[in-house]
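With the hints as a guide, bring both chains together as one complex.
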Amino acid sequence: DTAVSQTPKYLVTQMGNDKSIKCEQNLGHDTMYWYKQDSKKFLKIMFSYNNKELIINETVPNRFSPKSPDKAHLNLHINSLELGDSAVYFCASTRDRGFTDTQYFGPGTRLTVL
Amino acid sequence: AQSVTQLGSHVSVSEGALVLLRCNYSSSVPPYLFWYVQYPNQGLQLLLKYTSAATLVKGINGFEAEFKKSETSFHLTKPSAHMSDAAEYFCAVVSNSGYALNFGKGTSLLVTP
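Protein sequence lines, in the order shown, are assigned to chains L and Y.
This note's numbering puts the first residue of the first sequence at 47, with every later residue one more than the last.
This note's numbering puts the first residue of the second sequence at 9, with every later residue one more than the last.
Hints are computed from structural coordinates only; laboratory data are not their basis.
No incorrect hints appear here.
Below are the DSS-like pairs computed for lysine-lysine, each with C-alpha atoms no more than 27 Å apart in a straight line:
| hint | chain 1 | residue 1 | chain 2 | residue 2 |
| --- | --- | --- | --- | --- |
| 1 | L | K68 | L | K113 |
| 2 | L | K117 | L | K68 |
| 3 | L | K90 | Y | K113 |
| 4 | L | K87 | L | K113 |
| 5 | L | K55 | L | K68 |
| 6 | Y | K66 | L | K87 |
| 7 | L | K90 | L | K65 |
| 8 | Y | K113 | L | K82 |
| 9 | Y | K66 | Y | K77 |
| 10 | L | K82 | L | K55 |
| 11 | L | K86 | Y | K113 |
| 12 | L | K82 | L | K113 |
| 13 | L | K90 | L | K113 |
| 14 | L | K98 | L | K113 |
| 15 | L | K55 | L | K86 |
| 16 | L | K55 | Y | K113 |
| 17 | L | K55 | L | K90 |
| 18 | Y | K66 | Y | K113 |
| 19 | L | K55 | L | K65 |
| 20 | L | K65 | L | K113 |
| 21 | L | K98 | L | K55 |
| 22 | Y | K113 | L | K87 |
| 23 | Y | K76 | L | K90 |
| 24 | L | K68 | L | K98 |
| 25 | Y | K113 | L | K68 |
| 26 | Y | K77 | L | K90 |
| 27 | L | K86 | L | K65 |
A short, non-exhaustive set of chain L residues, derived as facing chain Y with CB atoms under 8 Å:
| hint | residue |
| --- | --- |
| 28 | Y79 |
| 29 | K87 |
| 30 | F88 |
| 31 | L89 |
| 32 | I91 |
| 33 | S94 |
| 34 | I101 |
| 35 | I102 |
| 36 | F136 |
| 37 | R143 |
| 38 | T148 |
| 39 | F151 |
| 40 | P153 |
Glycine included, every Cβ here is placed at the ideal spot set by N, Cα and C.
Just chain Y, same shape as in the assembly (with noise of 0.2 Å):
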């Protein structure tokens, strides 16, 4: 079954610092990623996704992620982190069906001044 883990539940950084947040993927085929991002008492929002073409993949607000095949993972990063930025970071990998996505546990991102 195709599954992703988010290593981390908790992660606080410093304004200005790097952005790193850790997602390994389980997959049988090929996987299709995503990362979604939750600010507070909203719903979620693409920031980018994975549909093996390039494996740099850039998306919104500044975050990128890299897939490695050899390493199983699809960590989404940021060179410098705003105050902005503190919010819940999930990590989604296409479903055994094809039609859904599953979730990772999520990640909840801390920006410190």
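One chain only, chain L, in its complex shape (with noise of 0.2 Å):
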């Protein structure tokens, strides 16, 4: 069973659309995270979640909303998309908020904005 999963793997679409990226864990983790990974493969943290409360909220423009239904996903939805959104997206989750957790990876999804 994949630890981390992420929908879809692969996402194309216009500029100005909102789009949806869906992100699961199956291994009993309090918290969670997204990262933008750019063209020149630089990974930059975006949010994080503990146990569905907001603990991290980087400088994240506002069309980028998280949401967290319960602790085992943690979605995130991109509204007026925009070129530079383009990029791949790792969700992660580690078993608590502790700093020293290893971070468990999803496959990422790469995101292109036509």
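Here's what the structure looks like:
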């Protein structure tokens, strides 16, 4: 069974559209994250949730809104997509909010905005 | 702010040769450091982590890293490269908030026959 899964794997859309990326973890972890990896492979934290509570919200446009219906899911909704949003988005989870925990990453969602 | 710098965006080694990937950190507190690997079209996977115990840390797939406070370094090594080691390698440090990681820009390792 996949520990951290994301859907879809690829997402191609037009500028101005609204889209969502879903993430689920079956590890029983309490904390989940969204990272953005740009075309130069630089990874940057976007959000973190612990038990459905937002604990990290980096400087991200408010067009990006995370939603955590339960601690096993953390979805990312993006409004009014822009060309610069094209990237690979990774979901990750850790057992709790401890900073020494191993992060388990999903396979990524490659978003292309045309 | 806690950050890491990876020296060399691309490293090429021959199969069987030593692998050395460099990472220097900047941290106002004792750092917690990680190395992750990303194989093509996959998510990241933990190789090893330093959490202030032993300064020489052994990880998976024969990799190890040594924490050197005097040099603010956490370089990743492997004695003998395999073709399967070709991947992107990321050094990371726990962020100011303590609840996420700040990643370096990555080093792409190429292994030639």
